[in-house]
Amino acid sequence: MSETSSRLDLEHVDPDEVREETMIINMGPQHPSTHGVLRLLLELDGENVVSCQPIVGYLHTGIEKNCEYRTWQQGVAYVTRADYLAPFFNELGYCLAAERLLGIEAPPRAQVLRVLFCEMNRIASHLVWLATTGMELGAISMMLYGFREREVILDVFEAATGLRMNHSYFRIGGVIMDLPPDGPAQIREFLRVMPGRIREYERILSENPIWLERNRGVGHLSADRALAFGVTGPMLRAAGVARDVRKDEPYCGYETYEFGVPTASEGDCYARYLVRVEEMKQSLGIVEQCLDRLAEPGPVMVEDPKLRWPAQLEVGPDGIGNSPAYVRHIMEESMEALIHHFKMVTEGISVPAGEVYQPVESPRGELGYYLVSDGGHRPYRVKIRDPSFVNLQAVPAMLEGALVADAIAVIASVDPVMGGVDR
Amino acid sequence: MPVERLPGRHDGRATSDVEEEVRRGVLLTTLDRAVSWARKQSMWPVTFGLACCAIEMMATGAGDYDLSRWGMELFRASPRQADLMIVAGRVSQKMAPVLRTVYDQMPEPKWVISMGVCASAGGMFTNYAIVQGVDTIVPVDVYVPGCPPKPEMLMYGILRLHEKVRTRGRVR
Amino acid sequence: MRPEELAERVRARVPEVTVARGEATVVVDRARVLAVLAEVRRDDDLAFDFLSSVTATDWPGRAPRFWVSYELSSTRHRHRLRVKVGIDEDDARLPSVTSLFPTADWHERETFDLYGIVFDGHPNLSRILLPDDWEGHPLRKTEELGGVDTRYKGAFVPPVDRRTT
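Residue numbers (the working numbering), protein chains in the order written: chain E, 1 to 423; chain U, 1 to 172; chain A, 1 to 165.
Derived by calculation from the structure, the hints in this document are not laboratory data.
One or more hints might be untrue.
[What the hints assert, rightly or not] The calculated SDA-like cross-link candidates involving lysine to any residue, where the alpha carbons are at most 20 Å apart (straight line), are:
| no. | chain 1 | residue 1 | chain 2 | residue 2 |
| --- | --- | --- | --- | --- |
| 1 | E | Lys281 | E | Thr256 |
| 2 | U | Lys150 | E | Glu158 |
| 3 | A | Lys141 | E | Glu158 |
| 4 | E | Lys247 | A | Ala47 |
| 5 | A | Lys141 | E | His377 |
| 6 | U | Lys110 | U | Leu74 |
| 7 | U | Lys164 | U | Arg33 |
Bound-form chain E, shown alone:
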């Protein structure tokens, strides 16, 4: 209705005079389908998206600033909560960067454990993606299936690290505890059931006409545009570019594992779905190789007493705590051990001055940690290059000429985790 007339005159509508106005609609930040607190400002012409502006920042936590006020080891607890669906990758990037600044390397068993947990985390993250994407596009039962499998993985995490999420398990110098005695058996049981479950998901979705209709040809992003936007991860690989930090710049011994990097060529939502499902299968292969390497025992933390976390933690009935033998040692037997423990826990380690950029391949793409040290006990600058932050820049390009319903499919296929985007 125009400002001049207060009633729509239906008798004398002139089709040539129909005004074309676009409607500006706000999607989010509180929305069931935006994968967290993402706000999309959509300009709509009917159902067609004319333009789209993602607005982020609704989960800005100040993690980077907080890390500057804590010790190096405490930084792990902060960064693990950035991308909360892939906490092990955050910890890995931070610890690898700090270890490069220190000039040390974690012991081989710790590296195998790191790869093991990272790959299981990749599967868990892709399961959440599959669950939420399925639910948003109408396959509501996928939500239950995805979270059912994820519970199996979280049981393994809980048995090994004490927590289901945000573990603080990787530390500078290694990992904080070894696997429990029944850990490998639990993981083998998971490996036994998982391939069948992935086949089940493919049976439900891959040839499903509704799934195809909503995902094929939707959200197309070509390889050049993706690279120009700085997109990495499954989005880039679905456009045909075989870029994976694990292959290009291997870390933690990834060059010694046999795995493939799946790519697709269409660059649409369906291609990203195929790439992620295939990645889950490849990760299962890597987990199996890790289990074989864990047969021999070994240390899981560096030996240097100036760097290693002083405690001997174990998962007790009420959570993680120091082993009673260690507590007896520092409280009753050795004063030096007590002083050392006190210093390491309160003051922490000191890292030589310098800067380093360490990329790791998280489920969403290249997760980079830029760490600057001034030689002290606290990080001077912790910058998290989060893949979702960069991948979201490509959303307006993918939504050109799309429908509103496609916006849901596109956001889902980007798989953003707003904790990483906003940090």
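Given the coordinates of chain E, work out where chains U and A should sit on it, guided by the hints.
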């Protein structure tokens, strides 16, 4: 101005009034209890998952820790159709007005569960960016600590809220 | 190519190149940022065509105060380079590299938001992580960590980094 005196006892209430009150009280107490019971039986949460706690909230709603045993698996996207807001995750300064708007849009009666330490007290993020406790913005009924709280912890908090509603609910 | 060879290649164009911890870092001054980035992209042996990250570090005691670093990588050769620019706090401006690398859009907005460094030529330089009406640039070292200032019955709880109890 002369006060009109009612016949009977002069302690401010008439005998008939007292009886009337007692009778009304019994009826309404039973009604209170019935309505409170009904309210807690299927409390619909509004989707307000923000960060890591949201994932645990989704896990609580999923198959393994089923919330639909209490009729709560249906997370309503529209606050107009919900009566419970589980603030799951850290609330940033930018999100705080949105939180208050969604809370205001919910019709009475409504309850708030503050899930996780970040929502309850700011958590580990004692900095410029995070609201140090959502009880500075909305009134909270139950605080569930944890980072993130396990689904069992959230369920315990939800059941405590149900008890609170059942025992202290008032119709008027 | 290995960082040392990389350093040699780039040293012809840019005077200050360091190699540390397996990484090559190049320091340029503000006027040559765009030129250097374009050159290392054009060169076939360097081919740095992917910008991973743009960020800043605040060194309040030093001059220049802000150091903006660009993390470049090459899709063809799989090597990395860091380009650093130092700018003073009175004149915290840099040319935007969005014309070369469209991905720098949000990175530069974030750096502006958190540090107050203005990127000339940026299509939409506005706050991205903090509310639009926020005052200050929190990641500067001169800004406080923040936190709750509670006054309860006359008591005052300062932000965490200034608490002594």
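Assess, step by step, whether the Cα of Lys164(U) is no farther than 20 Å from the Cα of Arg33(U), and give holds or violated.
At roughly 12 Å apart (the allowed maximum being 20 Å), Arg33(U) and Lys164(U) satisfy the hint.
Has the given pair, Lys150(U) with Glu158(E), been kept, meaning a C-alpha gap of at most 20 Å?
11 Å, holds
Decide if the proposed pair is consistent with the structure: Lys247(E) and Ala47(A), CA atoms, cutoff 20 Å inclusive.
19 Å, holds
Restraint check for Lys141(A) with Glu158(E), where alpha carbons must lie at most 20 Å apart:
The given pair, whose Cα atoms are some 38 Å apart, is violated under the 20 Å limit.
Hint consistency between Lys281(E) and Thr256(E) [alpha-carbon to alpha-carbon, up to 20 Å]
Distance ~18 Å between Lys281(E) and Thr256(E) Cα, so the pair holds.
Are the Cα positions of Lys141(A) and His377(E) separated by 20 Å at most?
16 Å, holds
Are the Cα positions of Lys110(U) and Leu74(U) separated by 20 Å at most?
Holds, because 16 Å separates the two Cα atoms, which is no more than 20 Å.
Figure legend: structure checked against the earlier numbered hints; the only hint not met is number 3.
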